[in-house]
Each structure stands twice: as C-alpha cells, then as structure tokens.
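Number of protein chains: 2
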Amino acid sequence: MFSEKLLKQIDFIREIDKVKYIQRKTRLFGSDRNENDAEHSWHLALMAIVLAEHSDEPVDILKVIKMVLIHDIVEIDAGDTFIYDQTKNHSNSTEERKAAERIFGLLPAAQATELIALWEEFEAGITSEARFAKAMDRLEPLLQNVSNNGGTWAEFGIDYHKVVEKKKQIEKGSASLWRYASQMIEESVEKGILRKQAQH
Amino acid sequence: MFSEKLLKQIDFIREIDKVKYIQRKTRLFGSDRNENDAEHSWHLALMAIVLAEHSDEPVDILKVIKMVLIHDIVEIDAGDTFIYDQTKNHSNSTEERKAAERIFGLLPAAQATELIALWEEFEAGITSEARFAKAMDRLEPLLQNVSNNGGTWAEFGIDYHKVVEKKKQIEKGSASLWRYASQMIEESVEKGILRKQAQH
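Those protein sequences? They're chains A and L, same order as listed.
Just so you know, we're using my numbering here: the first sequence kicks off at -19 and counts up by one.
Just so you know, we're using my numbering here: the second sequence kicks off at -19 and counts up by one.
Read the hints as simulated data drawn from the structure, not as lab findings.
Same chains, same label: a pair holds when it works inside one copy or across any pair of copies.
Here are the simulated DSBU-like cross-link-like pairs (lysine-lysine), alpha carbons at most 30 angstroms apart as the crow flies:
#1 K(-2) to K147
#2 K5 to K142
#3 K152 to K43
#4 K(-12) to K152
#5 K176 to K147
#6 K(-12) to K146
#7 K43 to K(-2)
#8 K152 to K5
#9 K171 to K148
#10 K(-15) to K43
#11 K43 to K(-12)
#12 K5 to K(-12)
#13 K(-12) to K147
#14 K(-2) to K146
#15 K171 to K(-12)
#16 K78 to K(-15)
#17 K5 to K148
#18 K148 to K(-15)
#19 K142 to K171
#20 K(-15) to K146
#21 K147 to K5
#22 K152 to K(-15)
Bound conformation, chain A alone (with noise of 0.2 angstroms):
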C-alpha cells in the first residue's frame, strides 16, 4: 500500500531519534546540563542562518544546514568524541563511516548516497560550506564554556594553547567569526576562566 522509499525513509525518521541520547561534554549556557547532539545541531543549524553573511566564501546556506543537522548522526553507533581527547582520532574513523553507511543505509538509496557524501564533505572540511559548517561547530561550545566560567575546560585541565589549536579551525571558514572567537579566549585567559599553561 505504501511505496518502499515512504516505509524506508520513516525507519530512519525513527531511527535516528537516538541522537537525543548522546551526550555531548558541553553544557548549556550558564547551566550545568549537558547538551545533547540534537539540541546541539538544531543550535548549529540556527547559528549557520543568522551568521551565513560572515563566511569568507558565498556558501550554499541549504548545504551548510544540512551537514550540521547530520554532522552527528554517526555517533549513535560510534558515540560522541571529546574534542580534547588525544586517544581517539575526531575524524572520520573506521567506526563513524561504518555507521554512516548503516544509518544513512535505512533511506532510500539516492537519498543514503547523498547523506553520506554530505557527511564525508563535512568531514574533510575542504569545501566553503564544510569550513563554514565547522566555524559553527568550533563557535557554539566556545560560547557555552565562556558562559559556564570554563565549562569543560576548566573540568578537564585544558590550556589556552589547546583551545587555540581546536579553535583556530574557526579561521578558515570566517575572518570576522575568528576575531571575534580568539578575543573571547583572550578574554577568558584575562578572567582566569582558561589557564595559559596547564597544570603539571
């Protein structure tokens, strides 16, 4: 009765309800609950419409705000990797391509294709939209940990130098969102909310 493409792309509606589960380390602004990778995108999503006109490049807005909605959605098989962990490798491991080929998988096979590809640009962050998309992702907890005096870094130890190295990912996709980003680290070294060395 129903078309396949119809009963396919509703089991990955459902499916991908799990992503309300995964906990991000980062906390709501001046809050100390933790963020999930849904509140997380939809916030990125919002960030990526309002800010659009600071990317250095023309960027194709509806690229951009898919691949923030999806950016996360391979962590419900691979879980959340901790910007700062140095174990793991953030990108684009073995176990987060496996899941992006079992999530996406669920959809129609045009529509999986196109997912993945999405998924895979945002992760090689070469294209305009890629780099415009991670500025998002850099900015957000940036904001949060400045408004929770140090959030996660303050609870894991991490140093000025470390944030600078993730944040300056910020740089390639938008002068203006960077100046903006390294003044609030400044900042934040001046507060005492982010150590310039980290304890030994």
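Given chain A, work out where chain L should sit, using these hints.
Coordinates of chain L only, in the frame set by chain A:
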C-alpha cells in the same frame, strides 16, 4: 571592534539556548522521556529533508527547514501549548506575537523582519511551505505516540475523533503522508491504544 550586527546575532544565539528547556507533552520514541522543543525542531528539519518528495506541491525546502527550526522559539516566552488543550488557542496568540517580536527582535532589523515573517507564514499555514512544515509538525508526535502505546492520547484521554481532527492537517501538505498517517491512526484503534470515543 566588532560590528553591531555580529553582537546582535550572538545575543540571539545565546537567547535561543532556552528552547532546549521547553518540555513538550510528547515523549521520545519508545520512551518515557519528554522531548524538548530543540530536539523536536531538529527532528522536523530532518523529516522535511527526507520526506520533501511527498509534498503535494513543489516547496522551497530551505524555507521549510527554516520554518520548522524557528517555529517554537516563541515558546521561550509563551510556553508550550498542548495541541489538545481546549482552553488555549494554539495558533499565533497575542502572547506568541509579542514573544516573536522580542526574541527575533534581538537580531539586526532585516533578519528580525525575515524571521518574524517566516514564523507568521508558518502559523498562517497557507503557503505550500507552511503546509508541508505543519505536516511534519503533526506527523512526528503521531509516530511517537504510536511507538509509546498511545503516549499522550492514553495519558490525556484523547479519542480517535480529536486525533483525526488535528492530524488531518497533514493532508493539506501531503496526500501520501496523510494516507500513511491515517492508516497508523486506524491501526492504533485496532490495537486498542486509541479509543474510538473518550470515556465520560
């Protein structure tokens, strides 16, 4: 040092974090955990992306996605209104209109105007994009309630006629999704998770 526009955009980005605290009545799939508005909006955006082909009329999918991502932001001030609540008019109350002006009004003027207009277009439900966006908004909790053995229907004593009355909105956006939704409703009655008539 930073443009006034950017500072306004960041203010808006901080403010909308509150959407993550607004609890809906419906619960996640196969779960007793309430969904919040940010998770709900993220899910609708992905549904719109994968189900777009089922729209009866061609839609500007970027516009549909923006609509569903922002449609509940007014609830930061106005709170969530349960769709089956008969004491409160669900659509575009004075309270929600004021909320839209305050919250979207944090943005630079042109963006505020655009997003308020988009929210009003969604609420009015007349354009093809608004009708498809509303179909997503009705379909998600239907899938959730079915997965939860009746969910809010059982919990709040909602009967078949009320469900059909509200879910019929789906038909305005998509005949095929309405066919799927109405079969789910009929099956729910057969399975005994939705009563034909409310108990008195």
